[in-house]
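**Student:** Line by line, the protein sequences are chains H and G. Residue 329 in my numbering sits at position 64 of the first sequence, and the numbers go up by one each step. Residue 729 in my numbering sits at position 101 of the second sequence, and the numbers go up by one each step.
Some clues are possibly wrong.
[What the hints assert, rightly or not] Cut-off 20 Å, straight-line C-alpha distance, at most; resulting in silico cross-link-like pairs (SDA-like, lysine to any residue): (1) H/K356 x G/D694; (2) G/K663 x H/D327; (3) G/K672 x H/I346.
Keep in mind that the hints were calculated from the coordinates and are not lab data.
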Amino acid sequence: MDTGLQSSFIPKRPITPTVANTKVTVSFFTIIALVLFFVALAGSIGVFFYERYLTQNIASADADLVRAQGAFDPNAIKTMIRLDSRLTSAKSLLTSHIALSPLFDILGKSTLKRSVRFKTLDVSVGDGKVSLVMKGQATGFTAIALQSDSFGKDKRLQSPLLSDLALDQTGAVSFTFTATIDPSTLAYKMVQMNEPKTQSDTASSVTTP
Amino acid sequence: MRNIIPFMLIVMALGAFFGYINPRYEAIKELESQKASRDQTLAKSRELQTLRDDLLKRLNTFPTRDLNRLEKMLPDNIDNVRLIIDISALAAKRGVVVKNVKNISAATIADQTKNESSSDKNNKYGSVVLDMTVTASYDNFIAFLKDLEKSLRLVDVVSLTFTAPESSPTYDFTIGLKTYWLK
Numbered sequence: 266m267d268t269g270l271q272s273s274f275i276p277k278r279p280i281t282p283t284v285a286n287t288k289v290t291v292s293f294f295t296i297i298a299l300v301l302f303f304v305a306l307a308g309s310i311g312v313f314f315y316e317r318y319l320t321q322n323i324a325s326a327d328a329d330l331v332r333a334q335g336a337f338d339p340n341a342i343k344t345m346i347r348l349d350s351r352l353t354s355a356k357s358l359l360t361s362h363i364a365l366s367p368l369f370d371i372l373g374k375s376t377l378k379r380s381v382r383f384k385t386l387d388v389s390v391g392d393g394k395v396s397l398v399m400k401g402q403a404t405g406f407t408a409i410a411l412q413s414d415s416f417g418k419d420k421r422l423q424s425p426l427l428s429d430l431a432l433d434q435t436g437a438v439s440f441t442f443t444a445t446i447d448p449s450t451l452a453y454k455m456v457q458m459n460e461p462k463t464q465s466d467t468a469s470s471v472t473t474p
Numbered sequence: 629m630r631n632i633i634p635f636m637l638i639v640m641a642l643g644a645f646f647g648y649i650n651p652r653y654e655a656i657k658e659l660e661s662q663k664a665s666r667d668q669t670l671a672k673s674r675e676l677q678t679l680r681d682d683l684l685k686r687l688n689t690f691p692t693r694d695l696n697r698l699e700k701m702l703p704d705n706i707d708n709v710r711l712i713i714d715i716s717a718l719a720a721k722r723g724v725v726v727k728n729v730k731n732i733s734a735a736t737i738a739d740q741t742k743n744e745s746s747s748d749k750n751n752k753y754g755s756v757v758l759d760m761t762v763t764a765s766y767d768n769f770i771a772f773l774k775d776l777e778k779s780l781r782l783v784d785v786v787s788l789t790f791t792a793p794e795s796s797p798t799y800d801f802t803i804g805l806k807t808y809w810l811k
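Throw the hints in and build the complete structure from the sequences for me.
**Tutor:** Set out below in structure tokens:
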């Protein structure tokens, strides 16, 4: 029973909860250290997983490449390459393909039929031109002059030259005729284009040398 | 003593960076370049597959007959025996007699091939010149020449020589024929 009397002279503190005065202080240095540590930790984890991801990705790409390589049939590709070579080569050869037969039409048309005859003919194709050498005989120098005019008029015969003129015992004049012809004149493509015309010309104008 | 933990954290962070992150990053850069190269190759291979499919489709549209004709025009080898047979057949059709064929031996062909010019060496096709002598009348020879020009087996007349005979109606023609094959 509380009588309100103080039974002891020892002062008593009031019974109140003691508030601890422990204030935790985190320094700026610690914060920086923590940030750096966690950044380093996150970076290490990130680098580790990204490297694994890349390695797996490369392995998968390698597998895809092997599969893709297997999908190409080497024989089919070889066949296609060969066909391409054949087509391009054939096209190139056909472009430069020369038909010599029109040469005889040209000579047949330009040769004086009664006064000149040719005994030999030598044609060679090469170095971007067709060279022609013929040995012939004419009834006289007048016929030679006329023949020279006739060859000169045909522009398909380039650099026509009558040389080695020699009068024989019978009064005939032997000679050598040389000329060149532009291969494009004798190109097979041109000949094909002029085919019907050439055929009719051939029938009417071919003469034996 | 208070700063020892932050100091250790910083040391650990630096250690992780220089000891692990930086070396791995260098390795990652290498891997990234490898990956880019693989991706490029894969993209190229997909393009090639599309191209191959297109080409195969186009190839299948070529009639076999045309392909065979093309192969006859430019055979895989000189096929000289077939050439002589074809020329003889053409000649016979026009009443032309093939008297002889020169430079048809393997040695002369090899010699010509060896001596071909540098521009010819770059070609995808080889060529050889065969000399042959034929006997025919002038008109028959011209007809034969026209047949040769049109023949499926591609031949170019590169030289032609003849002399008009005094009495005989037939001539001896010497022809240089250039023929081709796919190397």
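**Student:** Hint check: H/K356 vs G/D694, CA-CA at most 20 Å. Holds or violated?
**Tutor:** holds (14 Å)
**Student:** Would the pair G/K663 and H/D327 pass a check requiring their Cα atoms to be no farther apart than 20 Å?
**Tutor:** holds (10 Å)
**Student:** Do the alpha carbons of G/K672 and H/I346 lie within 20 Å of each other, as the hint requires?
**Tutor:** Holds - the C-alpha atoms of H/I346 and G/K672 are around 19 Å apart, at most 20 Å.
Comparing the model with each numbered hint stated earlier shows that all of them hold.
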